[in-house]
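All chains, please: the whole structure from these sequences, using the hints.
Residue numbers (my numbering), protein chains in the order written: chain A, 465 to 623; chain B, 304 to 416.
Source of the hints: derived by calculation from the structure; they are not laboratory data. Careful: at least some of the hints might be erroneous.
[To be verified] Keeping only pairs whose Cα atoms sit at most 16 angstroms apart, straight-line, the calculated EDC-like set for lysine to aspartate or glutamate is: (1) A/K522 to A/E484; (2) A/K495 to B/E373; (3) B/K388 to B/E360; (4) A/K476 to A/D535; (5) B/K366 to A/E481; (6) A/K522 to A/E483.
[Said to hold, decoys possible] Examples of chain A residues lying across from chain B (beta carbon under 10 angstroms, computed): (7) A492; (8) K495; (9) A511; (10) E514; (11) L518.
[Unchecked claim] In silico contact screen, one side only, chain A against chain B (beta carbon under 8 angstroms); selected entries: (12) E481; (13) F488; (14) R493; (15) F515; (16) G516; (17) T520; (18) A521; (19) D524; (20) S528.
Every residue, glycine too, gets a C-beta built ideally from N, C-alpha and C.
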Amino acid sequence: MRLPVARLFRRKAFEHEMEEEMRFHLDARMKHLMAEGLSYEEATRQARVEFGTLTTAKEDCRQSSGYQWIDSLWSDLRYAVRTMRRSRLFTAVTVGVLACGIGACTGMFSVVNSVLLRPLPYPHAERIVRILTNNPILHISNGPTSYADAHDLRHPPRL
Amino acid sequence: MEENAALLQGTLDMLILKAVSLGPLHGYGILLRIQQMSKNSLLVPQGSLYPALYRLERQKQIKAEWGQSENNRRAKYYRITAAGKKRLAHDLAGWTRLGEAIASIMSATAEEV
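This is how it looks when you write it as structure tokens:
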């Protein structure tokens, strides 16, 4: 029903609802105990004792609702930031290396993508050919083709 | 230790499912109904009730929605789902089998062995 990421945004509502639900429980228990003859103070105390540690119950609820990973993710992130602050030079070098690596990769890919991967922007790009000319007299192999030669190839002269 | 806790947890889940299978209840109502059904011989740990409820809700065996309580306060009511009913029947069968097995062990006499 709910994506794990959606939990991130529902976190506040979850905490509120859990708080309200447990407060309702404690109040109901207290009223019940008062109806059995306990004083307000006694009933309040008794209800809390019976419920056990509120923070433990909440922590267990977060865990069984699958909110635990958000908390551990946060503490991991905070720990990472603290560590990076402590060794600034290392952080700078790491960031530099990563930036260069990512930059080089992106640059390379952009070239490869436009030159090799993407077809030429002409109709029937797969049929486009390049004609090379060998000229044994001038010792040129795979040389350019003149317009006149290309024209002759397209319209062979009738002999 | 681990085995005991697991058994206890499984039992609480089953008891909660049974309680809400008789009609929607809020957390405190579930506690009262379990105690009443056990003729007050069972003490449900109140602090573990909510983690169990949240776990069952996450497993879609119960469904929670906010409603009005008897004394007109907003309360979260739990009702059983189809998956919950299935799990309850399964747990009940397992529990009955276990109970019968233990009962027949404990009532065995020297001649039978």
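Hints, one by one, checked against the model:
1. A/K522 to A/E484: The hint holds at about 12 angstroms.
2. A/K495 to B/E373: holds (13 angstroms)
3. B/K388 to B/E360: holds (13 angstroms)
4. A/K476 to A/D535: holds (13 angstroms)
5. B/K366 to A/E481: With Cα atoms ~15 angstroms apart, B/K366 and A/E481 stay inside 16 angstroms; holds.
6. A/K522 to A/E483: holds (8 angstroms)
7. A492: Status holds, d = 4 angstroms.
8. K495: holds (8 angstroms)
9. A511: holds (9 angstroms)
10. E514: holds (5 angstroms)
11. L518: holds (8 angstroms)
12. E481: holds (7 angstroms)
13. F488: Result: holds, 5 angstroms to nearest chain B Cβ.
14. R493: holds (6 angstroms)
15. F515: holds (5 angstroms)
16. G516: Result: holds, 3 angstroms to nearest chain B Cβ.
17. T520: holds (6 angstroms)
18. A521: holds (4 angstroms)
19. D524: It holds, given that the least Cβ distance between A/D524 and chain B is near 4 angstroms, below 8 angstroms.
20. S528: This hint holds: A/S528 lies near chain B, its Cβ roughly 4 angstroms from the closest one there, short of 8 angstroms.
Of the numbered hints stated above, none is contradicted by the structure.
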